[in-house]
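Trainee: Turn these sequences into a full structure, and let the hints guide you.
Going line by line, the protein sequences match chains X and U. With the first letter of the first sequence counted as 1, position 237 gets the number 335 in this note's numbering; the numbers rise by one all the way through. With the first letter of the second sequence counted as 1, position 57 gets the number 155 in this note's numbering; the numbers rise by one all the way through.
Errors might be hidden in some of the hints.
Simulated crosslink set (DSSO-like; lysine-lysine; CA at most 30 Å straight-line) [said to hold, decoys possible]:
#, chain 1, residue 1, chain 2, residue 2
1, U, 190, X, 287
2, U, 232, U, 190
3, X, 190, U, 190
4, X, 361, U, 260
5, X, 190, U, 287
6, X, 232, X, 159
Just so you have them, the derived chain X footprint on chain U, three or more residues with Cβ under 8 Å [what the hints assert, rightly or not]:
#, region
7, 127-136
8, 297-304
None of these hints come from the bench; they were simulated from the model. Glycine included, each C-beta is placed from N, C-alpha and C at the ideal position.
2 protein chains.
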Amino acid sequence: MSILAVGSIAFDSIATPSGRVENVLGGSCTFFSLAASYFTDVRIVAVVGEDFTAEHENVLKKRKIDIRGIEHAKGKTFRWGGQYLDNLNEAKTDFTELNVFERFQPRIPPEYSDSKFLFLGNIHPTLQTAVRHKMDGVRLTGGDTMNYWINGSRPDLIETLKLVNVLLINDAEAKSLAGEPNLLRASQKVLAMGPQALVIKHGEYGATIFFREGAFGIGRHPFRAPALPIEEVKDPTGAGDSFAGGFMGYIASQEELNREVLKRGLFYGGVMGSFAVERFGTERLQSLTREEIDARFQVFRELTHLE
Amino acid sequence: MSILAVGSIAFDSIATPSGRVENVLGGSCTFFSLAASYFTDVRIVAVVGEDFTAEHENVLKKRKIDIRGIEHAKGKTFRWGGQYLDNLNEAKTDFTELNVFERFQPRIPPEYSDSKFLFLGNIHPTLQTAVRHKMDGVRLTGGDTMNYWINGSRPDLIETLKLVNVLLINDAEAKSLAGEPNLLRASQKVLAMGPQALVIKHGEYGATIFFREGAFGIGRHPFRAPALPIEEVKDPTGAGDSFAGGFMGYIASQEELNREVLKRGLFYGGVMGSFAVERFGTERLQSLTREEIDARFQVFRELTHLE
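Mentor: Structural data, given as structure tokens:
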């Protein structure tokens with residue numbers, strides 16, 4: 099079933115211990131949609147500037163991503179520069195130029211209205227809420243956010259969270275959102291804000307999904323998926339969005355919507371995140387095959403499953 | 099089969115957000131042997147002072163731990179004081195009084211010479227090497243160390259590592275020992291120093307075991323066990339030693355010595371670590387049942403296994 103993803107398209111300039119690239123195609127919507135495209139149909143809503151060329155468009159078209167929702171605005175595309183020279187786990191931002199993204203007002207093409215899954219990328223919570231209200235027929239809404247909104251737009255974010263079924267954030271964001279340093283207690287507080295499930299991403303240690311009592315089935319326990327120990331993380335940019343794309347893409351490809359599907363989705367999220375970091379930007383996500391993805395899923399299983 | 103454990107017995111004074119205790123029984127050998135005692139026979143070699151009473155001795159005796167190797171020296175037992183008030187993941191040491199531990203020379207009773215498994219707790223690598231040489235009949239040697247020896251007694255430690263089959267250390271120690279920030283590459287460098295397997299403990303994110311090519315069976319992949327998300331970590335002291343006790347204890351209880359056994363051992367390590375932190379000091383480890391342990395093993399399985 100189709101996923102509609104709303105988020106950013108960006109040009110990233112990145113320095114890591116493995117090298118340096120300038121103005122490569124990036125953004126949450128780009129990583130998410132490329133990762134999800136190996137599982138199901140993906141439609142995107144985003145804004146780009148005049149520097150977004152046919153060549154960039156083709157990266158998405160080749161993966162059969164529906165780009166009718168990309169708005170072409172006057173000016174330059176969102177640009178971000180960052181480095182991971184000291185610490186691969188955390189980007190140090192060199193510059194952020196919002197450009198056309200600053201006035202982004204998501205417009206959803208009528209052809210997208212039958213989308214069954216919705217992913218609200220990391221944009222202002224008020225915009226997330228507005229998009230969600232326009233898509234009342236969706237079966238499941240996934241959402242992302244960041245400390246900038248958690249600290250700066252908390253009341254708006256609280257409203258958004260009431261409309262999100264699965265929230266995907268990292269450890270620091272979960273603790274900050276809940277105001278609670280213990281991860282289990284933090285997860286309970288976040289689930290009380292609205293979501294039926296909460297995915298907390300632990301970077302190189304994988305991710306945990308916590309369920310609200312009775313949501314998506316029964317059971318008291320969370321579920322943890324690993325990350326793959328990787329010899330050379332070339333570029334961590336987009337790993338979290340690729341994780342979300344693999345997670346949501348897999349879920350949208352399944353008939354049933356239950357805990358077992360969400361758990362397998364967590365593994366596929368880890369799989370897509372592990373591919374993303376192997377090359378700079380979206381390079382690795384552009385040229386995968388479903389066979390490679392399923393082979394790595396098996397590696398993730400071997401990493402964690404007893405006989 | 100019997101395990102011989104060599105390490106410290108201590109009295110700990112600990113402050114955490116959950117409370118404060120003074121001079122409670124602790125030390126690497128104590129946590130290790132209590133955890134391992136639920137799986138197999140355990141014998142210990144350690145030194146205590148005149149303040150170590152029959153009451154303390156009974157904690158070990160009740161778990162049928164063989165204490166004939168405890169040396170009673172003139173003076174006070176090793177004392178450590180620390181706090182986790184700001185960060186449950188890292189102790190801030192308030193004081194260390196080595197006392198009788200300063201001149202500890204492990205003496206192995208002749209009755210211990212048929213031990214099939216050996217655990218070298220975190221003591222000077224030269225002492226670890228001496229003990230290992232006296233126990234040439236063992237089937238498997240596990241070992242621990244810390245940054246103090248990695249940085250301060252590196253040549254001695256390198257000699258010890260040639261004699262250790264499974265090294266158990268944490269992320270920071272592995273990176274420091276290998277001089278390599280990438281965990282997978284660090285594991286390869288440490289395995290090249292001697293051990294056939296390396297267990298890297300990730301605290302609240304579990305642990306990973308890396309195998310040297312061909313050791314304990316075949317396969318290219320490491321294996322990762324989770325930790326249990328816990329609502330209230332009362333006292334993290336001894337979690338790593340309890341992990342090692344569960345890991346080694348389970349392995350020693352099995353006939354076979356192969357990767358599958360080591361993987362299940364990793365789960366039992368996580369299980370015993372998760373119990374240890376639920377109460378201050380060794381309290382929780384004193385009163386477990388094998389049924390509680392196996393029930394939690396099932397929880398760990400549910401945490402990680404797809405259907």
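Trainee: Determine for every hint whether it applies to the structure shown.
Mentor: Taking the hints in turn, this is what the structure says about them:
1. Proximity of residue 190 (chain U) to residue 287 (chain X) is assessed by CA-CA distance (about 29 Å); at most 30 Å being required, the pair is judged to hold.
2. As the CA atoms of residue 232 (chain U) and residue 190 (chain U) are separated by approximately 36 Å, the hinted pair breaks the 30 Å bound.
3. A C-alpha spacing of about 28 Å is found between residue 190 (chain X) and residue 190 (chain U), which places the hinted pair at or below 30 Å, so the restraint holds.
4. Restraint check for residue 361 (chain X) and residue 260 (chain U): not satisfied, since their Cα atoms lie roughly 41 Å apart, outside the 30 Å limit.
5. Distance restraint check for residue 190 (chain X) and residue 287 (chain U): the Cα-Cα separation of roughly 29 Å lies within the 30 Å cut-off, and the hinted pair is therefore satisfied.
6. Between the alpha carbons of residue 232 (chain X) and residue 159 (chain X) the distance comes to roughly 25 Å, so the proposed pair stays at or under 30 Å and holds.
7. Under a criterion of three residues with beta carbons nearer than 8 Å to beta carbons of chain X, the stated coverage of the region 127-136 of chain U fails, only 0 such residues being counted.
8. For the region 297-304 of chain U, the stated coverage by chain X holds: 4 residues have a C-beta nearer than 8 Å to a C-beta of that chain, and at least 3 were required.
This entry does not satisfy hints 2, 4 and 7, going by the numbered hints stated previously.
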